[in-house]
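Those sequence lines, one after another, are chains A and B.
Under my numbering, the first residue of the first sequence carries the number 505, and numbering increases by one thereafter.
Under my numbering, the first residue of the second sequence carries the number 113, and numbering increases by one thereafter.
Hints are computed from structural coordinates only; laboratory data are not their basis.
You may find that some hints are simply not true.
[To be verified] With a straight-line Cα cutoff of 27 Å, these simulated DSSO-like cross-link-like pairs (lysine-lysine) come out:
| id | chain 1 | residue 1 | chain 2 | residue 2 |
| --- | --- | --- | --- | --- |
| 1 | A | Lys-516 | B | Lys-230 |
| 2 | A | Lys-728 | B | Lys-327 |
| 3 | A | Lys-728 | B | Lys-396 |
| 4 | B | Lys-398 | A | Lys-728 |
| 5 | A | Lys-733 | B | Lys-327 |
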Amino acid sequence: MKVEKTDMLPQKAEIIEIKQETKTNLNIKTFRLRFKDRSQRDNFQFKPGQFMMLTVFGVGEAPFGFASSPTEKEYFEFSVKEVGLVTEALHNLKEGDIIGVRGPYGNGFPLESTEGKNIIFIGGGIGIAPLRSLINYVLDEENRHKYKKIQLLNAFRSPEDTLYCDDYEWWENTENTEVKYTIDEPCEGWSKCVGFPHTLIVEELNYELPDTRVFTCGPPIMIKFVTEKLRELGIDPAEIITTLEMRMSCGVGKCGRCNIGHYYVCKDGPVFTLEQLGEMPDEY
Amino acid sequence: MMIKKISKERFKKLFDELKEEYNIAAPILKDKGKEKILEYDFINDFDQIVWDRQPDSSPKNIIFPQNSMLGNDYKGSKYYDDNLSTIIMGVRSCDIEAVKVFDQVFIEDDSYIDDSYKNRRDKTIIMGISCAEREDSCFCDSLGLDPIESDYAPVYIFKDEDEFFIKIKDEKYEDLFEDLPKGDQAQLKALKKQRKEEFKESSFTLDIPTPLPEKEMFEADIWEEMTEKCLGCGVCTYYCPTCYCFNFFWEGEDGESTKYKSWDSCMFSSYSVHASGHNPRDSKGKRYRNRIMHKFSYHPLNYEGLACVGCGRCIDRCPVNLDIREALKMTEEYLLEEGGDESGKD
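The following block holds chain B by itself, in its conformation from the complex (with noise of 0.2 Å):
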């Protein structure tokens, strides 16, 4: 392991010379309509990044984009070479745990390797950041998960201030920072230690078994009037960084057709439809409860952890103020008068 501690001047001096070996992407703020939203993207310039709260979406599109053409490269930017590897500046724990999901799904689970993603990915560095607020709806620490540092990134930024220590974790990438200055292990420690006791304390408290049990709740009559007001938009899956189900779409005509791969959504109704008409989630309680029971059953089952990493970021979009953390609350109160108490298969 290796610290060191750069001023903000230092640190666009080194992001210039990262950028003539590496793809940058970090979170800018871009127009969306009248808004300004703050996402991640390929960058050039250290001056756009923005540091100070949580990205509106998270770095998903960089790793897994939204749209890409089967046979060919990514090819999202301006500042993106495809011969390069990409260094992804300042993702929060939860978003961190999140490529962990993806890490299961796509690379780590031996019985398909999605090639694309696997190179996409070993091309990837992640730079985390330490969170020094809590946003209004995250909930990271209430599913286990600190704030402060996640292990998963191999490098960890800390923000103090106009100074930021850059913890080096993964030996492999400490020639990158070399030539930086020197950080105090003790500063260090204490900068965390006081971030801990002032991170305002989530109002969310969970007690639920994970994996939730599979058959006791997927019978559970409580998904239909959970989610009378959902318009099944799809726009929490969308923002949710451990979403990743996906379609193909070919465009062209026969030979010289291409085949695009993109992000689906279990909220719309035509993603499980069958050709016949038949849907096995034909109402949006059935649909809902596909997404929750997937994100603390299907997943924890199948790979190990939850795939929600509480960044909040459903509750921040959904037109119709449907919040996960609600949902998880009537699904806790389900098993405590069901008596349910055992996790996993039932």
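Chain A with its partners taken away, still in its complex shape (with noise of 0.2 Å):
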């Protein structure tokens, strides 16, 4: 049989650590990735807030946005929260077990208009995820410079489900940045911030420094008070920027499933200014 030209089939890649992240709730682990072929891990590139299709073989698709910076050259990573099917597929694998990825899709946070500002994320859960590929990227040596102050609010439900716990140290001893760390109720021995995070952002936040541009994922819900807090404080909601989820099939704006509107998740976004949503209708 002839073989039909398509790049819809995923290419292998190899699991080469999982982490689990968060401690009693096991529902959150980062996969280590590097593909198999070594041309194809050279010429590998891809933007902070792109996303790729991960592939557990017999079982299904589905779209993981970066969790690594594209400075890291020999590797790449994902966090996966356990919720579906794919997602408890994954979360069975083992360290060298083969998936599949295609990607990487969809346009990435702006880099370069960011380049000179003052940045703010904000972040809740796994919605730190996809921001974790930026912050990990400003933050690295070779591009700290390019940007002013840098402001970090990361929130999670208890001390139990904290990610990433690795980074803090490194992120805390960069130069110019500030990390805040809340999570959503009083509890023993956590000294840091109590409370969602847009009611911290007045307290906790230096929001008023101008030319500050404010990168926002969490839940939906946490993303609505976010940006509404901000806007009320008088942020230009060009500058209040997040990423969204959808569900989707193929990552190219062809299959159907992800628009909003006439926009396509996957292809125009998944990166959104809060003024583009403002102008979408209110599908997601």
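Both chains are sitting in their own frames, so use the hints and assemble them into the complex.
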């Protein structure tokens, strides 16, 4: 039989490391991957904010945003929360197993236009994953000088649900960078912030610096409250940037399902400014 | 341009010559339970072709198979050879314009070109056929299409009783028809004129701005009421010649697994549901709104022209008689009442 030309078949990538992120609730793992093929490994390029379609062979395929920075040349990472069929199958895999990957897809975060600005990151739970790709990119020693003050507000349900603990020391010790952590409710032994992130912006973040751009991602309800608060505080909606998730099959704007009005989240997004979202139908 | 005129017998001979070099697909009657249904399929026998009415389904399955195995050719029929190009015979204006929608989405949009579609399409020659009579449910002319002839097919058939005019509009294909007796241009013109005059006028007229205003119609409160009786069966999308949504499926274990591409339907609740359970289109009204808006707002905003060709099959096939013409009328009335008069993005 003749082979039909298509790039919708995934390439093979090896799981080189699996990190259990969350503690008692074991539902988030970070997968470190690299292509089986050396030349693919060398030629692979992506932008923070883009995503890949990951395939568990025989089970299915789903989109995941990069959780690692492209400045890491030897591997790329995805954090996966166990919620459905594909994520459950991913969680059952072990180091050395092979999965399918295709991409990168999507527009990614605006890198060039962010240069010279102050940056605030507000992330909640697994929503920190796509932000981490950009956080680690801007904090990378090659890039740090391009940006002014960088502030992070990381929100988790509880101390048991924190992610990327290995990054904290590096983040906190980078110059002109401030990192805050919050959990939903007070908890013994927790001395950092408590409360939902939108209630902490005024107190904990210096949002009034001129030329500030905010990147936020988290559960839909968190994004809603955070963006509303930021707008209320007078931040230009064009400077409030978020990334959306949708059910997807193709990743290239053809299969249909991820549209918001005439925009396709996979192709026109997943990164949108609040200004853009305001022009789109409320369908996400 | 070249015009030929042939008898039925001569057409049969032409068919037999062509089938040596091409796969030929045409509308034929097929058994579906107790019903006979007129569908496009690959055939070997000219006499099987039914010319005189609109096929029950469009030739979508020929250029975009309902199920295909990625990495493998399309094997739909014993009369299909993947090494040959395909001639689709007897395609009406509505279905030809629908192929244009597919071409826009899968080939002409350079943000992503679907190679498997393009490959199949590059090897497809459409022989259109002029409509002689209006079916009860079709309304292509209400949407600005011409049922007598579409410019998008390179070769066109005009059936006149037992004779056939063949108009070859694309020089590329003149060789195929060169040996046939010449047809008289004036005679064909007269036939077309007569057709136009005799063609029953559509009782359906539509006065809506297109693209439909995206946000205004999205927020309109007409959709749930419109779809109260909808069963969410998706039959409208399967018979729709322009619906192209698809999904992937995996079968088999690990390295041995195979990926399939299959038609999907925005009328299914599972279509847009997230793994978390959240569904941006969690009601029939929202799903139907997406279907109508895709055809009359989103597609025209992203490409050009409507993504509805007025073939009327969704009306014929709907088990609860949900009629897209009525939906469009409700849209028209809503815009009149609410004073929306601007098309496109508001």
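Status of each hint after checking the structure:
1. A:Lys-516 <-> B:Lys-230: Judged against 27 Å, a Cα distance of about 26 Å means the pair holds.
2. A:Lys-728 <-> B:Lys-327: Cα-Cα ~19 Å, so holds.
3. A:Lys-728 <-> B:Lys-396: At roughly 25 Å apart (the allowed maximum being 27 Å), Lys-396 of chain B and Lys-728 of chain A satisfy the hint.
4. B:Lys-398 <-> A:Lys-728: Answer holds: Lys-398 of chain B to Lys-728 of chain A is near 21 Å, not above 27 Å.
5. A:Lys-733 <-> B:Lys-327: holds, 24 Å
When held up to the earlier numbered hints, the structure conflicts with none and fits them all.
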